[in-house]
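Peer 1: Using the UniProt record's numbering, you'd call the opening residue of the sequence shown number 1 and step up by one each time.
FYI, nobody ran anything at the bench for these hints, they're computed from the structure. All values reported here derive from a predicted model rather than from experimental measurement. Idealized CB from N, CA, C, for every residue including glycine. It is possible that part of the hints are untrue.
[Claimed, not checked] Computed Cβ-Cβ distance ranges for the label pairs, DEER-style: (1) ALA187 x SER70: 43 to 53 Å; (2) SER206 x VAL36: 34 to 44 Å; (3) ARG167 x GLU143: 38 to 48 Å; (4) GLY61 x GLU171: 19 to 29 Å; (5) SER70 x ALA123: 49 to 59 Å; (6) GLY116 x GLU52: 36 to 46 Å; (7) ASN68 x SER46: 22 to 32 Å; (8) ARG78 x GLN32: 13 to 23 Å.
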Amino acid sequence: MDFAHLTAEPLHEQAYAALRNALLMGRFAEGQLVTVRGLGASLGISATPVREALQRLIAEGAMELTANRSVQVPVMTRARFVEILGIRLRLEPLCAETAVGGVDASLLSRLTALNGEMDVALADGRFSDYLAANQSFHFQIYETSGQPFLQQLIGLCWLRTGPWLNRLANEGRFHAVATECHGKMIAALHEGNAPALAEAIRQDISDAAEVLLDILDS
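All chains should be built: construct the whole structure from the sequences, respecting the hints.
Peer 2: Structure below.
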């Protein structure tokens with residue numbers, strides 16, 4: 001797996017950010033084993049900062065140690081997914097509702113552009129680009145809430161499901177509704193309608209979850 005080589009300090013923070021982003025973008029597969037040496041070679045850095053980054057990701061539940069002390073990406077289970085889903089359905093609407101007061105024309109313009117990017121990325125079969133734009137779309141809203149701890153909790157939920165989202169890449173029924181809810185979110189933000197925004201986010205999360213649960217149960 002190739003990463004852009006890192007140049008900034010501290011290296012362990014840069015390694016963590018690169019690995020975290022790769023997890024969120026589905027660049028690791030669930031169950032995939034990773035090594036300090038292999039990741040260090042991909043990042044162009046020594047073993048120590050990679051090891052520190054992996055320890056942090058293990059503590060966050062984004063990576064796990066196997067019985068023989070190898071590091072792997074966790075395999076998603078139905079119970080784990082349902083737990084994360086329940087948390088997201090509560091925290092993300094809550095965070096978004098408080099963001100309504102901080103909305104300005106610049107944010108609405110960025111969100112509209114990102115929604116367009118998602119449409120094009122899906123049409124072109126660039127699912128990793130869709131995931132990147134989708135993450136940016138949601139977290140630009142959440143950052144407007146001014147609640148960093150709540151954002152951190154939401155981020156941990158996303159981090160634990162990121163490697164599994166590639167399962168949606170070939171799901172046509174997901175593509176059909178993927179950006180519809182985002183349009184509703186933009187409209188709610190434009191109107192300053194916090195309840196409508198919260199409902200659009202719940203629908204967005206639930207639509208994807210319905211497809212993913214079907215995959216888990218198949």
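Peer 1: Next step is simple, just say for each hint if it's right about the structure.
Peer 2: Now the hints, each set against the structure:
About 48 Å separates the C-beta atoms of ALA187 and SER70, a value consistent with the hinted range of 43 to 53 Å. Between SER206 and VAL36 the beta carbon distance is about 38 Å. The supplied range of 34 to 44 Å therefore holds. Between ARG167 and GLU143 the beta carbons are some 27 Å apart, a value that contradicts the proposed interval 38 to 48 Å. Separated by about 25 Å at the C-beta atoms, GLY61 and GLU171 satisfy the suggested range of 19 to 29 Å.
Take SER70 and ALA123: their Cβ atoms lie about 39 Å apart, and the range 49 to 59 Å is violated. The hinted range of 36 to 46 Å is satisfied by GLY116 and GLU52, whose Cβ atoms lie roughly 39 Å apart. The given range of 22 to 32 Å is respected by ASN68 and SER46, whose C-beta atoms sit roughly 24 Å from each other. The hint said 13 to 23 Å for the Cβ distance between ARG78 and GLN32, and at roughly 20 Å that hint holds.
Violated hints, listed in ascending order, are 3, 5; each of the other numbered hints is respected by the structure.
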